[in-house]
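Peer 1: Given the sequences, and given the hints that come with them, work out the whole structure.
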Amino acid sequence: MSADQSTVSQYRPSGSLDPASALSPYVGPWTPKLAAHLLRRAGFGGSSAEIDSAAAAGMHATVIRLLNFGPDLLPQSPDADLTYGPGTPPEQVRAANIAIQLWFLNRCLQTTNPLQERMVYFWSNHFTSAVGAGATPAMLVAQYDLFRRFALGKFGELTHQVSRDPAMLFYLNGAQNNKRHPNENYARELMELFTLGVGNYTEDDVRESARAFTGWTVNRMTGEAVFVPRLHDEGTKTFLGQSGNFNGDDVIDIILRQPATAQFVAHKFLRAFVYDDPEPELVSAVADQFRSSGYDVRVLVNTLLRSNVFYSQRAYRALVKSPLEIAIGTLKIVGAPEVSLAVDGAIGTMGQVTMRPPNVAGWPGGAQWLNQSTLLARLNFVTRLLASNRPARPLSAGMGATPAAGTAPAMNMTAATSWLGDVSMTDPGAVAERVLWITVEDDVTESQRSQVVSYLQTDGVGNLVALNGENIDEKIRGAMSLAMALPSYQLA
Amino acid sequence: MASRRQFIVQSVGAFAGLLAVDSIFSRAARAASGVYTAGSAAGRCLVVVNLQGGNDGLNTIIPYADPNYYRARPSIGVAQSEIVKLDAELGMNPQLADLKELFDAQRLAILQGVHYPNPILSHFRSTEIWQTAAPDKYVTDGWAGRYLDDAQLPANDLFKGVAIGPVLPKMMVADKTDVPAIADLRSFGFRGTRDEQRQADKILNGAADVYPFDSPYLSLVQGVERDAHAASLQLPHLVAGYKPMVDYPKTPFGQGLNLISAIVNAGLGTKVFYISLGSFDTHVNQRQRQDMLLSQFAGGLKAFYADLAAHKTDDRVVTMTFSEFGRRVEENANRGTDHGTAAPMFIVGGGVKGGVYGDHPSLTDLDFGNLKWHTDFRSVYATLLERWLGVASTPVLGGGFPTLSFVS
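Taken in order, these protein sequences are the chains called A and B. So in numbering that gives the first Met the number 0, spot 379 of the first sequence is number 378, and the numbers just go up one at a time. So in numbering that gives the first Met the number 0, spot 373 of the second sequence is number 372, and the numbers just go up one at a time.
Read the hints as simulated data drawn from the structure, not as lab findings. Some clues are possibly wrong.
To be verified - Straight line, CA to CA, 27 Å or less: simulated DSSO-like cross-link-like pairs of lysine-lysine:
1) 267/A x 136/B
2) 242/B x 311/B
3) 267/A x 153/A
4) 267/A x 175/B
5) 371/B x 178/A
6) 352/B x 99/B
7) 352/B x 175/B
8) 311/B x 136/B
9) 99/B x 84/B
Claimed, not checked - Computed, partial: chain B to chain A, Cβ under 7 Å:
10) 177
11) 180
12) 189
13) 194
14) 201
15) 212
16) 224
17) 248
18) 404
Where a beta carbon is used, it is the ideal one built from N, C-alpha and C, also for glycine.
Peer 2: Structure (structure tokens):
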């Protein structure tokens, strides 16, 4: 019934994977294309200068730099009024929601530690939460800060912390879970979606562990998580075959001892970083390593980003970029200094509301990002972005039906010719080559390449024109938007 | 187009020469030559209206004879004198007066007390439940999408389903069928300059040749981009012969219904439409907002059916409303209402047996302050699938649900 399940292991022959060498460090040639691949997966894509620098530094040096975060100079919270509550006017509710979205998107764009922010994005789609049902924008900021601190930390510790995170306590009704009226929502999703996966626990385990988590709630005055002993069920619980007066931490420790947890989380990492139909042998190999490292995410990610399988043809452009990746990656390519309201709105039109996954299972990704509406939205996003600081076509026309319509400041981009580097701007073939490199790393067909050249050489009715000072800016922008409309650009 | 599964399985080269533009012309020609037979499901379609945000059912269809209503709603209750009465106990919000004529003509059914087991009070999850028809699991496709996939419709049809709005609703997400979402005709499509348009056209429809890499998603992206481009280029021409016979309200909802009428009357064979109106999330000062929206809803539907009747197509179009939930029985301190559960649904159209179906839920026997539902919304879907669209409902809904009698 669901499309994501249908794609598993069908489209590539199994058996070609050698699990013994799949995770060994890659020793093949290090090319700029592979450098770009690494930056797409371990961050949000690279500008042309970043790709050049990673290509020159080599694979190991680049991975080391990605893994070792430098000082974080970006705002730890939005510089905005985050007032939010039952009596807050709708305009302020909207303003606070947009403030946190722009805060996170700008961190993704501006960070000097792309893997750290990438991991925040990953965790936010694993331990999902969203504003609403009591969870405030400020709580989401604090939760993202937790994800940032544990970006490459121990998975077990993070799971303990998430279980007493205020946004999570509201989002999955832990705050309403008490001795007299147990609420099973968090206990169920903890096992189904965060750790064990379906089939590795029973309904009794859900009921019993919900009792163990009772007592945690949120102080609505301070917004902090508190444990209220009189709301906690002190009785004996039987969970995954063990009995005792367990609390939530005990339950998590029992969950972490199950081999299924390592399998489940390994699968999720492979889907996010390598390809979305990993072979069972590969999942097991990653899970074994992960478990024996004490669920050390740094070890896991370090292994994946250097592995043969990560640099294999099977992994190359095998994932669909999310709208957030499209937006941030595009802004990096064009050198935009910040994410505007219009871009935040466009991400929504492309099918992903920033910081608001559709449900606790998170964004499913893959084919689910691809339909007529979202693909037209992608094409129109890049086209509008590239056209937005042309003098004759201001952005004031708005981005379609996005909430940001008409209110966005023009995007302060660099002059189009600066994207060309030292390429001669009168040579259409060379300009096309450069444009196709900085957008899709030349992953194009010959006919697509010749279409871009033809666009650069002709006017709107097909007459031959020469590139000159008069038309070069518009022609480069047009060629860039055509390149970003290509199927390759939609793939990570 | 081929299924997502097949797309992923197929090699890149398999798309050589696929010309979406040709298929759309042949499909349009086929639709124009088709003859609609009254009583057969062939020419019928369904319009689904999402009253988004959680419409307060209790101030929509009002049990005005029950004193508990006025007790629970001291400041936002609708006065008896204002209510458009349907019978001795029930009436409509006065802003729905435009629907009274349809009700009197037996073309409007009101289904009371509809919801689903273990109600969820989150907008997002509850909306998803109504759109997937899967209250107990997370699925990636929508119920109408599954219907369109299974309905044995012409393979190359680009407009089997149409969503009005900028984003594809989950209801329309399918495995094999790609449904366009159209905010309006002007903005639908790739909006580049003229030479970008021309070149994009060539790139998207160009001869397939070899990529320097392989990817399981490459052909899917290419196929969907091509369909989207073809659909957006052709739609304005396909509906060019349609002229509205009434003045539609100048609201986005009215204009959206106008576009639906254009597509229905152009004979494109579209089976399911989606349109939304909102937000009905009336936590504060409910009357003002809900009255405005209900008035837009009723005014839009009245114009829509008058237009369809003038084109003699009103017998082909049934409209169904839903909202993710109704609202709390007791009003809150801000002259509003909080998230609730059961609510009424409207079914409108020529094929509808009008009237009120089901009892109004009790205002005193409540579930944590919320109305108790008695009819599962999947029974409503099953009825429309089986009796209106003429297909088996079990494969679409993942189980059997009893059908109701509101389709004649």
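Peer 1: Each hint needs a verdict: does it hold in this structure or not?
Peer 2: Comparing the hints with the structure gives:
1. 267/A x 136/B: holds, 19 Å
2. 242/B x 311/B: With a Cα-Cα distance of about 13 Å, the restraint between residue 242/B and residue 311/B holds, given a limit of 27 Å.
3. 267/A x 153/A: The given pair, whose Cα atoms are some 16 Å apart, holds under the 27 Å limit.
4. 267/A x 175/B: holds, 26 Å
5. 371/B x 178/A: Status holds; Cα separation ~25 Å.
6. 352/B x 99/B: Answer holds: residue 352/B to residue 99/B is near 15 Å, not above 27 Å.
7. 352/B x 175/B: violated, 33 Å
8. 311/B x 136/B: With a Cα-Cα distance of about 42 Å, the restraint between residue 311/B and residue 136/B is violated, given a limit of 27 Å.
9. 99/B x 84/B: holds, 9 Å
10. 177: Since the shortest Cβ distance to chain A is 5 Å, the answer is holds.
11. 180: Hint holds; residue 180/B Cβ to chain A Cβ min 4 Å, cut 7 Å.
12. 189: Holds, because the Cβ-Cβ distance from residue 189/B to chain A comes to roughly 5 Å (cut-off 7 Å).
13. 194: At about 4 Å, which falls below the 7 Å cut-off, the nearest Cβ of chain A leaves the hint on residue 194/B intact, so it holds.
14. 201: At 5 Å from the nearest chain A Cβ, residue 201/B passes the 7 Å test, so the hint holds.
15. 212: OK, holds: residue 212/B within 7 Å of chain A, min 5 Å.
16. 224: holds, 5 Å
17. 248: With Cβ-Cβ at 18 Å, over 7 Å, it is violated.
18. 404: The hint is violated - residue 404/B has no Cβ within 7 Å of chain A, the shortest such distance being about 29 Å.
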